[in-house]
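Single-letter residue listing:
2 protein chains.
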Amino acid sequence: MKRRIVVVGANAAGAKAAAKARRINPRAEISVIDRGSFISYGACGIPYYVSDTVTDVKELMSTPVGVVRDANFFKKVKGVSVKTNTEVTGIDREAKVIRLREGAGAETSLPYDKLILATGSSPFVPKIENVGLKNILTVKSIEDAELLKESALSCSAACIVGGGLIGLETAEALRQKGMQVTLVEMRDQLLPGVLDPEVAAAVEKHVKQQGVTVLTGCAVTGFAGEGTVATVLVGDLEIKADLVVLAPGATPNVQLAREAGLAIGTTGAIAVDQMLRTSDPDIYACGDCCETTHLVTGKKVFVPLGSTANKQGRVAGINAAGGEATFAGIIGTSILKVFSFNAGKTGLTETEARANGFDVETVLSPAPDRAHFFPGAKPIMLKLVADRSTGRILGLQAAGEGAVDKRLDAAAAAITFKATAEQLSQLDLAYAPPYGAAMDNLIVAADIMKNKLSGHARGISAREVKRKLDEEEDFILLDVRSPAEHGEIGIEGAKLIPLGVLREKLEELPRDKEIVTFCKISLRGYEAQKILDAAGFTNVKFMDGGIMAWPYKFRDR
Amino acid sequence: MKRRIVVVGANAAGAKAAAKARRINPRAEISVIDRGSFISYGACGIPYYVSDTVTDVKELMSTPVGVVRDANFFKKVKGVSVKTNTEVTGIDREAKVIRLREGAGAETSLPYDKLILATGSSPFVPKIENVGLKNILTVKSIEDAELLKESALSCSAACIVGGGLIGLETAEALRQKGMQVTLVEMRDQLLPGVLDPEVAAAVEKHVKQQGVTVLTGCAVTGFAGEGTVATVLVGDLEIKADLVVLAPGATPNVQLAREAGLAIGTTGAIAVDQMLRTSDPDIYACGDCCETTHLVTGKKVFVPLGSTANKQGRVAGINAAGGEATFAGIIGTSILKVFSFNAGKTGLTETEARANGFDVETVLSPAPDRAHFFPGAKPIMLKLVADRSTGRILGLQAAGEGAVDKRLDAAAAAITFKATAEQLSQLDLAYAPPYGAAMDNLIVAADIMKNKLSGHARGISAREVKRKLDEEEDFILLDVRSPAEHGEIGIEGAKLIPLGVLREKLEELPRDKEIVTFCKISLRGYEAQKILDAAGFTNVKFMDGGIMAWPYKFRDR
Chain A
1247 MKRRIVVVGA
1257 NAAGAKAAAK
1267 ARRINPRAEI
1277 SVIDRGSFIS
1287 YGACGIPYYV
1297 SDTVTDVKEL
1307 MSTPVGVVRD
1317 ANFFKKVKGV
1327 SVKTNTEVTG
1337 IDREAKVIRL
1347 REGAGAETSL
1357 PYDKLILATG
1367 SSPFVPKIEN
1377 VGLKNILTVK
1387 SIEDAELLKE
1397 SALSCSAACI
1407 VGGGLIGLET
1417 AEALRQKGMQ
1427 VTLVEMRDQL
1437 LPGVLDPEVA
1447 AAVEKHVKQQ
1457 GVTVLTGCAV
1467 TGFAGEGTVA
1477 TVLVGDLEIK
1487 ADLVVLAPGA
1497 TPNVQLAREA
1507 GLAIGTTGAI
1517 AVDQMLRTSD
1527 PDIYACGDCC
1537 ETTHLVTGKK
1547 VFVPLGSTAN
1557 KQGRVAGINA
1567 AGGEATFAGI
1577 IGTSILKVFS
1587 FNAGKTGLTE
1597 TEARANGFDV
1607 ETVLSPAPDR
1617 AHFFPGAKPI
1627 MLKLVADRST
1637 GRILGLQAAG
1647 EGAVDKRLDA
1657 AAAAITFKAT
1667 AEQLSQLDLA
1677 YAPPYGAAMD
1687 NLIVAADIMK
1697 NKLSGHARGI
1707 SAREVKRKLD
1717 EEEDFILLDV
1727 RSPAEHGEIG
1737 IEGAKLIPLG
1747 VLREKLEELP
1757 RDKEIVTFCK
1767 ISLRGYEAQK
1777 ILDAAGFTNV
1787 KFMDGGIMAW
1797 PYKFRDR
Chain B
1247 MKRRIVVVGA
1257 NAAGAKAAAK
1267 ARRINPRAEI
1277 SVIDRGSFIS
1287 YGACGIPYYV
1297 SDTVTDVKEL
1307 MSTPVGVVRD
1317 ANFFKKVKGV
1327 SVKTNTEVTG
1337 IDREAKVIRL
1347 REGAGAETSL
1357 PYDKLILATG
1367 SSPFVPKIEN
1377 VGLKNILTVK
1387 SIEDAELLKE
1397 SALSCSAACI
1407 VGGGLIGLET
1417 AEALRQKGMQ
1427 VTLVEMRDQL
1437 LPGVLDPEVA
1447 AAVEKHVKQQ
1457 GVTVLTGCAV
1467 TGFAGEGTVA
1477 TVLVGDLEIK
1487 ADLVVLAPGA
1497 TPNVQLAREA
1507 GLAIGTTGAI
1517 AVDQMLRTSD
1527 PDIYACGDCC
1537 ETTHLVTGKK
1547 VFVPLGSTAN
1557 KQGRVAGINA
1567 AGGEATFAGI
1577 IGTSILKVFS
1587 FNAGKTGLTE
1597 TEARANGFDV
1607 ETVLSPAPDR
1617 AHFFPGAKPI
1627 MLKLVADRST
1637 GRILGLQAAG
1647 EGAVDKRLDA
1657 AAAAITFKAT
1667 AEQLSQLDLA
1677 YAPPYGAAMD
1687 NLIVAADIMK
1697 NKLSGHARGI
1707 SAREVKRKLD
1717 EEEDFILLDV
1727 RSPAEHGEIG
1737 IEGAKLIPLG
1747 VLREKLEELP
1757 RDKEIVTFCK
1767 ISLRGYEAQK
1777 ILDAAGFTNV
1787 KFMDGGIMAW
1797 PYKFRDR
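Protein sequence lines, in the order shown, are assigned to chains A and B.
The opening position of the first sequence corresponds to residue 1247 in the working numbering, with each subsequent residue numbered one higher.
The opening position of the second sequence corresponds to residue 1247 in the working numbering, with each subsequent residue numbered one higher.
The hints are simulated quantities; they were obtained by calculation from the structure and are not laboratory data.
Cβ coordinates follow ideal geometry from the N, Cα and C atoms, glycine included.
Ranges between beta-carbon positions, derived for each pair: (1) Leu1483/A / Gly1569/B: 51 to 59 Å; (2) Met1247/B / Phe1663/A: 40 to 48 Å; (3) Gly1569/B / Gln1455/A: 42 to 50 Å.
Calculated Cβ distances over 10 Å to all of chain A for the following chain B residues: (4) Ser1355; (5) Val1377; (6) Leu1399; (7) Lys1423; (8) Gln1426; (9) Pro1443; (10) Thr1462; (11) Ala1476; (12) Ile1485; (13) Arg1504; (14) Glu1505; (15) Leu1723; (16) Leu1742; (17) Leu1755; (18) Arg1801.
Go ahead and model the full structure; you've got the sequences and the hints to work with.
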């Protein structure tokens, strides 16, 4: 008898699973059920549709050659039958039958041999006062996007609730439509969970420069308005807004699985093994509705992403069709373009690494993204996180107007294979001046990490320097840049001795005090530390990342 | 007593070695000797100086913050003494002394405890007729670049001898100055040793579109002219040229090492161990003058590159200073920007893999470099090479107007760690529409490789299809694109059945013939293969890379 495979959800994971199952098993009967009317679309492209960067919504639903992936396409090309506007209302695991209802029609049933749950995730909607007012929207589906675009036509002031990836992308989209935009984030930084505070601060600075008002550490407590939202309440603060987008994060759609008695993981998403089997061996789950393993910590995580969904769909499809495939896990790679700024991470942030008990060393390394003499070179900042005891690279964050994505991808591969700082520093990366410096940013960061791990280089964070200054600790903050650089921008209280004359001016420095050196990016700062070490100074450090990583006020001029 | 470290050569490797030695050993006496007058410059930037993309030569010799790295800089900042315009004429290993001559001065000597040879490489100058004529130049040093720029002012027709990285970069530079440019390459493709023929063909096409005349399979036999070159002779062919650039490759500068009796490797470069020690344990070599190990083949190779030189300089500097470091080797990563085209490789090409005895499988996968709906997406072609018996990825080539560098870097990391196609396909790469598709080009290529290795997908190269057509073999070439695509561009002799109606039109295809399917990039071609397989056809393949990888003439319209 033909194997009957039923897939619930026809987006990234579900569509991929169905297509792959067909290729593996040409004889199977494959059905896909989706409650929406649009299927197999690039949900990650929705903010770009909202901003009119993508003008035709069909582009989000097309193959690269322009064929729309609708039910007819799936039938003709993939040999898969798709039912849209159909809700799956229950699973009878005993009888191996699902119950479904098309539109407002009567409940019918569909038997399966193997069931694949690809029910996705939904925007989390906080239960706060008046959250049901008109023009309080989410951005997840194409229907959401259409509504948001239509609503935006008659609105002028938007408030985005949530400073994560979607919140920021939506803030950009609405700003590009000429709206006033305020972004409110409950945590005290943008992109919590994605970036460490000092890297997130760079994103915040850029977003503010583009005219977005950013409020961090502020919880939205409610909304007010006559039928339609007019005000966002943040404690005593009132923000005028005729359009609100809720983007406080995603929550996995697990109701169907839970009601069927399938195991839900500690993350709240459906629990699966490496073959993406749920607690019922005839039911698989893939994509945003299931949890996965973080390959650095070994812990279960819920990180909904289109890239992961596609990989998982392939695995679930193969297994449901009778083949054998596994999905090992993820390392938490994320990336964001917001205006002309790029920021992302792979592996663990410093915050995550510490929370997971690692003995952490970090490097902040700002530098141009290609040979500095090559036109168009743009600055990027790398933050590398390593485990002190093994030298293993735990994570990389990258932010700036330049090419951060390729450093993240190379690091993602290295971290997957448990590379040490030593190994990272010797990667044979593609070099020519239009693509990077002879020593790529990643190699430089790895070299600094090696210097730190071996004790040759001793760093101190900008935050710690700021604290010392604020508490008027007795130490010397030594600027080793040129007088011109020092004159242009500086830190209050710093003493200037350019690196080029440092060897001659050692007597100007007291030997009994702590000295913290810095330059623009701290390569000269490190050089200065080495010169002072060699001259017998015993308490010298450099400030990580130099003045480019100084997130505070500069010296008054 | 202070350790005396002498470095011969003050460019990438030598400068790096001296600086690193100083940091490791603050007490050592460190001297660097260079025969040129410019030191520590970005030699890879020279073509961009020739084209005036980089206008001030000082930019090539500066740190990213604009400090010129001259002898004074090395003395003041690095605590390293540099002698320029000084030739090292010999090494007395017994006495541990080098002989040197500054300019036309008398020979002096300098003792060393540890010696580092960073003598670099020189452009290979073929011994052909009249190669000494005026305006027959090379591009290696800043002096070369100045001469070339000056000569170009009064010239209009340039001939570049050699279609490697430097030859192509120089062709672009001179073309951008408005000159007529002819490039002559002895081998029958551009970039031999760097790219496989079909990938190199894409580079050649682009370069020709930019108005460069390309002659491959043509050996320059001599030159003619009255004092100054006027004609390049290629057998019976005469090419008018008032400027010739010789770029047939680099040769390591090993004379000093050879005369001192140091071991020279099979590649012709100085033999070194992992610590970069030569056959004399007190003498190190690093950079373009020494050979290294290819980490995929395990064989010794000579691949001079600025990125490798910097890494090696660090290792030689540490070891000479009394520390301990190793340089594992390279995987042959190279990249080139020529006009608006990017092309490169990491690991082995198919040609190299076969020559090294691997049982090779390949994938050609063309696709946009970011989400196809995102503005600015540009096509790139990936060629993945794997070992059939282990599934291990041996190499990646990437070419196109889009972002090839990041796919090369991610693959470089994966290949270094001996990733299989399975592992490559599950890398958690950074995904958002501005950076790639939900399934990155690299993931797609790895998935196709898995399908091929498991026997699900069966490819055949465009070359093999062309041969079948030319020899009028009895087979069906099946175009499964849309009628519109088929009408626009096609292959003579192909039959059209769009993928969407293939399931309905199976009776139009004979079951006793070989069928080769194709589409634009061969994802639909693969889909068609699976549909025909499922319908019981037994001899179906798809054409690798689809029509985008067809390097031959298209159907007349």
